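Asks: Sequence:
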Amino acid sequence: MAALVLDWYPAAARDLPWRRADTTPWGVLVSEFMLQQTPVARVEPVWTEWLARWPAPSAMAAASRAEVLRAWGKLGYPRRALRLHETAGVIASEHGDVVPSDVEALEALPGIGSYTARAVAAFGYGRRCPVVDTNVRRVVARAVHGRGDAGPARTAADLADVDALLPPDDHSAAVVSAGLMELGAVVCTARAPRCGICPVREECAWRAAGRPEYTGPRRPVQGFAGTDRQVRGRLLDVLRGADGPVERAALDAAWDDAAQRDRCLDSLLVDGLAEQHDDGRFALPA
DNA sequence: TACCCGTGGGG
DNA sequence: TCCCCAAGGGT
1 MAALVLDWYP AAARDLPWRR ADTTPWGVLV SEFMLQQTPV ARVEPVWTEW
51 LARWPAPSAM AAASRAEVLR AWGKLGYPRR ALRLHETAGV IASEHGDVVP
101 SDVEALEALP GIGSYTARAV AAFGYGRRCP VVDTNVRRVV ARAVHGRGDA
151 GPARTAADLA DVDALLPPDD HSAAVVSAGL MELGAVVCTA RAPRCGICPV
201 REECAWRAAG RPEYTGPRRP VQGFAGTDRQ VRGRLLDVLR GADGPVERAA
251 LDAAWDDAAQ RDRCLDSLLV DGLAEQHDDG RFALPA
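As numbered in the UniProt record's numbering, residues 1 to 286 make up the first sequence, in order.
Because the hints were derived from the structure by calculation, they are not lab data.
Every value quoted in this text rests on a predicted model; they were computed, and no experiment measured them.
No residue lacks a Cβ here, since even glycine has one placed at the ideal position from N, Cα and C.
Heads up, some of the hints might be wrong.
Claimed, not checked - Cut-off 20 Å, straight-line C-alpha distance, at most; resulting in silico cross-link-like pairs (SDA-like, lysine to any residue):
| # | residue 1 | residue 2 |
| --- | --- | --- |
| 1 | K74 | S267 |
| 2 | K74 | L269 |
| 3 | K74 | G126 |
| 4 | K74 | A41 |
| 5 | K74 | D237 |
| 6 | K74 | P212 |
| 7 | K74 | E94 |
| 8 | K74 | G244 |
| 9 | K74 | A258 |
| 10 | K74 | R240 |
| 11 | K74 | G223 |
| 12 | K74 | D257 |
| 13 | K74 | E107 |
| 14 | K74 | V187 |
| 15 | K74 | D97 |
| 16 | K74 | A254 |
| 17 | K74 | R53 |
| 18 | K74 | Y214 |
| 19 | K74 | I197 |
| 20 | K74 | V98 |
| 21 | K74 | Q37 |
| 22 | K74 | T48 |
| 23 | K74 | A105 |
| 24 | K74 | D279 |
| 25 | K74 | A259 |
| 26 | K74 | V90 |
| 27 | K74 | S114 |
| 28 | K74 | D102 |
| 29 | K74 | R194 |
| 30 | K74 | L51 |
| 31 | K74 | R211 |
| 32 | K74 | A242 |
| 33 | K74 | P217 |
| 34 | K74 | V238 |
| 35 | K74 | R229 |
| 36 | K74 | A283 |
What the hints assert, rightly or not - Simulated restraints, written as ranges between beta carbons of each label pair:
| # | residue 1 | residue 2 | range |
| --- | --- | --- | --- |
| 37 | G96 | D271 | 23 to 33 Å |
| 38 | D7 | A283 | 50 to 60 Å |
| 39 | A283 | Y115 | 31 to 41 Å |
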């Protein structure tokens, strides 16, 4: 299976800016932060701006949190922007402005978990390092295990599954890792997989079994309308859009339910996504 | 381990 | 319209 993916990927891969040969590990790291739960299409323009503006960790570390949050715009989950900013500072001050290349050091950085650490090692440094994201888990569940979907994560087993697939040498392994993700993103999709154009179709256990439907537990769908998440988004949007501090009245206009609004504003302050000045007005953090 | 954390495009 | 979700991480 790895050989098929290895042959398929170079010509099939989308031309994404963070995949260009001249992209630095820092560029890869920034892309991985932005791609955590945000679609490629929305990340592309922002990533390009960010790398032009902050080409090294130290450059980003020198910016204020407010600048970073404004530049993050509406990518969503703005705490990622704060963690990336924090990580940039740690890399600048403790790693000589060089993005670490080993998984353990990467995982110690804010906002970097198992997936992101491995993605940076593999795609930023071309290492043989199993990368397991939702796409890879689905591809392995189908092609290897013959199941329609991956179900709940089994971290150690998932890593072992992928590790068993990777060729021994660094470069080929990194290409296969990227290829497995690409396969899940554009061919072996969650709904309406395009088996007709799949490079692995002849070896796919799921296809061989007649594409049985997934019967395991479904992950509950997260609601959004009316949640604190929506309210926080509204409030932060007001702060992002303002040139400077805003009166409480400006935030009051963003959501009717006063109790929920107050709770959310407080949580933004706690998270460091907003701050209150001595005059009582609110703003993005300095 | 569930649950929380934003946003907007597509079926 | 409404629902699903898209390269996760932290707690």
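Asks: Hint by hint, say whether it matches the structure.
Replies: Hint check:
1. For the hint linking K74 to S267, the alpha-carbon distance of about 19 Å falls within 20 Å, and the restraint holds.
2. With a CA separation close to 19 Å, the supplied pair K74 and L269 stays within the 20 Å bound.
3. Note on K74 and G126: the hinted pairing is violated, with a Cα-Cα distance of about 31 Å set against a maximum of 20 Å.
4. Proposed proximity of K74 and A41 is supported: the alpha carbons are some 13 Å apart, at most 20 Å.
5. Note on K74 and D237: the hinted pairing holds, with a Cα-Cα distance of about 8 Å set against a maximum of 20 Å.
6. For the given pair, K74 sits about 38 Å from P212 by alpha-carbon distance, which is inconsistent with the 20 Å threshold.
7. Distance check on the hinted pair: K74 and E94 sit about 30 Å apart at the alpha-carbon level, beyond 20 Å; violated.
8. Of the pairs offered as hints, the one joining K74 and G244 holds, with about 18 Å between alpha carbons and a cut-off of 20 Å not exceeded.
9. This hinted pair does not check out: K74 and A258 have alpha carbons roughly 24 Å apart, beyond 20 Å.
10. Our distance criterion of 20 Å between C-alpha atoms is met by K74 and R240, whose separation comes to about 10 Å.
11. Proposed proximity of K74 and G223 is supported: the alpha carbons are some 19 Å apart, at most 20 Å.
12. A C-alpha spacing of about 23 Å is found between K74 and D257, which places the hinted pair above 20 Å, so the restraint is violated.
13. A distance of roughly 26 Å separates the Cα atoms of K74 and E107; the hinted pair therefore is violated under the 20 Å criterion.
14. Pair hint K74 plus V187 does not hold up; C-alpha atoms about 28 Å apart against a cutoff of 20 Å.
15. At roughly 28 Å between alpha-carbon atoms, K74 and D97 are farther apart than 20 Å, so this suggested pair is violated.
16. Between K74 and A254, the direct Cα distance comes to roughly 16 Å. Compliance with the 20 Å bound is thereby established for this hinted pair.
17. Proposed proximity of K74 and R53 is supported: the alpha carbons are some 18 Å apart, at most 20 Å.
18. Our distance criterion of 20 Å between C-alpha atoms is broken by K74 and Y214, whose separation comes to about 34 Å.
19. Of the supplied pair hints, the one linking K74 and I197 is violated, its CA atoms being roughly 34 Å apart against a limit of 20 Å.
20. For the hint linking K74 to V98, the alpha-carbon distance of about 28 Å lies beyond 20 Å, and the restraint is violated.
21. For the proposed pair K74 and Q37, the alpha carbon gap of about 13 Å is at most 20 Å, so the pair holds.
22. The suggested pairing of K74 with T48 holds, with an alpha-carbon distance near 15 Å, which does not exceed 20 Å.
23. The hinted pair formed by K74 and A105 fails the criterion: a straight-line CA distance of about 29 Å is larger than 20 Å.
24. Note on K74 and D279: the hinted pairing is violated, with a Cα-Cα distance of about 28 Å set against a maximum of 20 Å.
25. For the suggested pair K74 and A259, the alpha carbons sit about 25 Å apart, so the restraint of at most 20 Å is broken.
26. With a C-alpha separation of about 25 Å, the suggested pair K74 and V90 falls outside the 20 Å cut-off, and the hint is violated.
27. With a CA separation close to 25 Å, the supplied pair K74 and S114 exceeds the 20 Å bound.
28. Of the supplied pair hints, the one linking K74 and D102 is violated, its CA atoms being roughly 31 Å apart against a limit of 20 Å.
29. Note on K74 and R194: the hinted pairing is violated, with a Cα-Cα distance of about 31 Å set against a maximum of 20 Å.
30. Distance restraint check for K74 and L51: the Cα-Cα separation of roughly 17 Å lies within the 20 Å cut-off, and the hinted pair is therefore satisfied.
31. About 38 Å separates the Cα atoms of K74 and R211, which puts this hinted pair outside 20 Å; it is violated.
32. At roughly 15 Å between alpha-carbon atoms, K74 and A242 fall within 20 Å of each other, so this suggested pair holds.
33. Taking the CA atoms of K74 and P217, the gap is near 32 Å; set against the 20 Å cutoff, the hint is violated.
34. Pair hint K74 plus V238 holds up; C-alpha atoms about 12 Å apart against a cutoff of 20 Å.
35. Using a Cα cut-off of 20 Å, the hinted pair K74 and R229 holds, with the two alpha carbons roughly 13 Å apart.
36. Between K74 and A283 the CA atoms are separated by roughly 17 Å; this keeps the pair inside 20 Å, and the hint holds.
37. Evaluation of the 23 to 33 Å hint for G96 and D271 yields a pass: the beta carbon distance comes to about 30 Å.
38. For the hinted restraint 50 to 60 Å between D7 and A283, the CB-CB distance of approximately 53 Å keeps it satisfied.
39. In this structure the supplied range 31 to 41 Å holds for A283 paired with Y115, their Cβ-Cβ distance being about 33 Å.
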